[in-house]
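Chemist: Listed here are the chains, written in short residue letters.
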Amino acid sequence: MKPLLQSETFVRIAAPLAVGVVLLAVWEIGCRLGSIPVYLFPKPSDILASLIKNGPSLLRALLITLRITLQAFAAAVVLGTLIAFMFVQSRAIEISLFPYAVLLQVTPIVAIAPLIIILVKNTQLSLTVCATLVALFPIISNTTLGLRSVDPGLASYFRMNRASRLKTLVRLRIPGALPYFFGGLRISSGLALIGAVVAEFVAGTGGRSSGLAYEILDAGFQLDIPRMFAALFLITVTGVLLFGAMVGLSRLALSNWHESEIGAEA
Amino acid sequence: MNAPLPSAPLDAHTTRRAADRPPAVEVLSAEKIFANGTRALAPIDLTIADGEFLTLIGPSGCGKSTLLKLIANLIQPSDGRILWWRGDFGQVGQDGRGLAFVFQEPTLMPWARVDTNVRLPLDLADVPRGKADPRVSDAIARVGLSAFARHYPRQLSGGMKMRVSIARALATEPNLLLMDEPFGALDEFTRNKLDDDLIKLWWERKLTTVFVTHSIYEAVFLSTRIVVLAANPGRIFRTMTIDEPQPRSQDFRDSARFAAYCRELSTWLAEASLPSASGATP
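These protein sequence lines map, in sequence, to chains A and B. Number 40 in our numbering belongs to position 40 of the first sequence; there are no gaps in the numbering. Number 206 in our numbering belongs to position 206 of the second sequence; there are no gaps in the numbering.
So that you can see chain B by itself, here it is in the shape it has in the complex (with noise of 0.2 Å):
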């Protein structure tokens, strides 16, 4: 068994969860090396509860990719395991949960047209058209795009072309929704509008949504837990609960509570990055 590292003290917050529910997801000392030797993450202990907006931030190379990569079985880990609704990857599907991943590129095929893009994991699926064309309109009026559902992705702006991606996801109607910088692309409007949409989103549905960021801001605004990771190798420095009320909106961005947490934040992200918290010899 591998020890807690030192340098990852136990947060007081991580107490903070909804004990009667099963969490949506639990690493347990997951840890991984690449084939190259680089050892991205260090064993690892994340529970995820279910209908949590847990955010992953730290500074580059602290394997925050590579985490909810881990989380959405896109690789596996190379010593410790991942249950998902305390079961394996392989019972996820035939519980009836799904889980939906949205990439930093809105990754459209450019030839179909937004409806037909929103359907495409319905129809990799082989779900009948007749049971699969209520839900695709649905997620198209969910992100507020139906009047574009028969457009093609090149008419759309970065942003719409973003929200087409996010219906995809919906559509499969997902339990657990996985984000990597979906909106680091995006210039600062757009990026809050889309908060502003998202997190009404998941409070619609208590959608579990883990979430990887480079912004402070953004991490504040969305999340009821923020993970600071600390890279060399990576491994989780800080959490930090954001307990304010739901839904979040301009008036939390505005308010002084709002600042606070990104004052404190960004001095765990600063701390984070110095060369001393990489106590931890590779």
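Same shape as in the complex, but just chain A (with noise of 0.2 Å):
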């Protein structure tokens, strides 16, 4: 058995779980010492009080947020797989649809969220469509640029042997496809988030309750701040574990042959 400081794993965890833990103290001791009112900046004691005071409500509204997410993500997912797909099969899709990928891309959630809440008169499905939007544009680039990145070795190979496109298809261009495409997810889950949280910021401010960005509306009314960190935290620790399920997926997937993902099952 090595000692534990020379473990690596010890130390990737323990490292900026320390960090972490000095960061605390130094802002709990410095509101303490400055004798700051919680009005204006609380302490992460009284961030842990309201967490507990309000878990029920908080619970109440990250789910309804992770809700949100995990619908935009699956849709983004789908779709953009799909999109990607068809702007494979022919470059005339590709040059006619991708302008219109970018633009969507490019245009800000929040200016064109009213917009959808207006038109959509579901809450939920409203804010998933604006989430959905934000999370789609890595997953359609990602996974074209996964399908286009063939082995031109293998690829003449494959024509050598005369298989068919859905051959092709499935044997070499998907399996090549797959490290993009989990680099995609990467990107895509934690857009989902923000995208989510963004629209319903928009839908709280017109007076669509929902969600934890509603939460942190509705405490900055009540000058609640502690409830406005407590909820900020949860988002937060909502977007890292979404995150680490991603790495953990594409660690499943590729460990046993990708660059990206070799050493890390060692």
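If you're looking for bench data, these hints aren't it; they were derived computationally from the structure.
Residues from chain B shown here face chain A by an in silico Cβ test under 10 Å; the list is partial:
1) Leu74
2) Pro153
3) Thr172
Cut-off 35 Å, straight-line C-alpha distance, at most; resulting in silico cross-link-like pairs (DSBU-like, lysine-lysine):
4) Lys53/A <-> Lys43/A
5) Lys167/A <-> Lys131/B
6) Lys167/A <-> Lys206/B
7) Lys206/B <-> Lys69/B
8) Lys69/B <-> Lys167/A
9) Lys206/B <-> Lys193/B
10) Lys121/A <-> Lys53/A
11) Lys200/B <-> Lys69/B
12) Lys131/B <-> Lys69/B
All values reported here derive from a predicted model rather than from experimental measurement. Where is the CB? At the ideal position from N, CA and C, for every residue including glycine.
Two chains, two frames, a set of hints: combine them into the complex.
Modeler: Spelled out as structure tokens, the structure:
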């Protein structure tokens, strides 16, 4: 057994954790020494207390946000992959449609969210649509790139063996695209959460209540600053967990062969 | 009809072929001019006998890879034609005959294990698993990689990857094996080892093989016949028959006859590379 400090896994977890603890301590002590009022800048202990006190309502809000995020993410993955397959099938389709995918990407979601929220009556659904629009692009662009990045040697081997379009897709293009696809998943999962929260803000200012963003808005109206921080904390944790899940998924799928994940198993 | 080029003398050795069996490949005045106007190959006539180990060698730009690709039907001749077992390429599969191509790179699927990689051509040809699997394990065994059947390509050395590539070719049980500088990227020890194994494989099956290489030693060691090509435009310069006992081993490499062959081939290659050898104007 190696000493704990020499174990890479231990250091990998302990080092950032130590930084976090030190920062929290500095924050707590600083606030106490400076006697900063809670409504200006709460201490970590205030935030924790608020998290426990408002637990049920915050948890309900978290579930709503999480549901919108996951629905949007799933929709983005399905739609994005289908669109990428379409793009790869024909250059003409890609050339005609890709500019619109870019258009979708560069339009700020806050600018179109009110429109979507007005057009789609169901709040949940309208927010999901907004978040999907934000999360879609990385899946399209990464998967398209992956499906196109076929090893030319293998491609000519398939041609030489008179492989059908379908077989070439299933046996060559799709496996080859996986590393790119998983890269897209990582970006897209975070964007789905951001999209959901931003859309909730827009909906919240319009009076339609839902999710963690609404909790933040509501707490802001009531000057309940610790609750704002508590909601923010939950959003951050959700984002980190989503990212972690995507990293794990990618490792599971690629660790046997792809350079990006080799050594991850060791 | 194209007259034979004056600088491509008919070699007396070429008459030594198994006349009783139909030739595996007949290249009949096949010529290749690329779209950009480059004349890669002047009209070439070449007959490859069944069971022959024929090596194409020559200075760079002599069109040896182009000729191999023509024989593989990967590209089409601009003029002239090529026959496989006296038939068109479309007939090849129907006769139950097949050809396999081994690239310079192993070109393996990095996400698939060795056995899956070797099974690829059979899967692409819809060979059922029950029939394919014994052929796959047999092919893997013949290149000496049985212990590595469940490994991924990244876990193998360069030489082992090349063996997998050869196993993949053998799994199709081809009648014609085409190899484009397959061991060019390997170190000399690994290359010699693979050459030893390749000549054993060839001898076991009398598998007609067309081999492209830059290495004089490799050409002399492996071939029953060597075709030296010259450039500008690519054409046959001379051919050399290596009539030595089979299967060859290190003893042949160490022999004085081997050195003599190499010396002569080296001289021919130098002549083929001279500008004066490019007598024909493009």
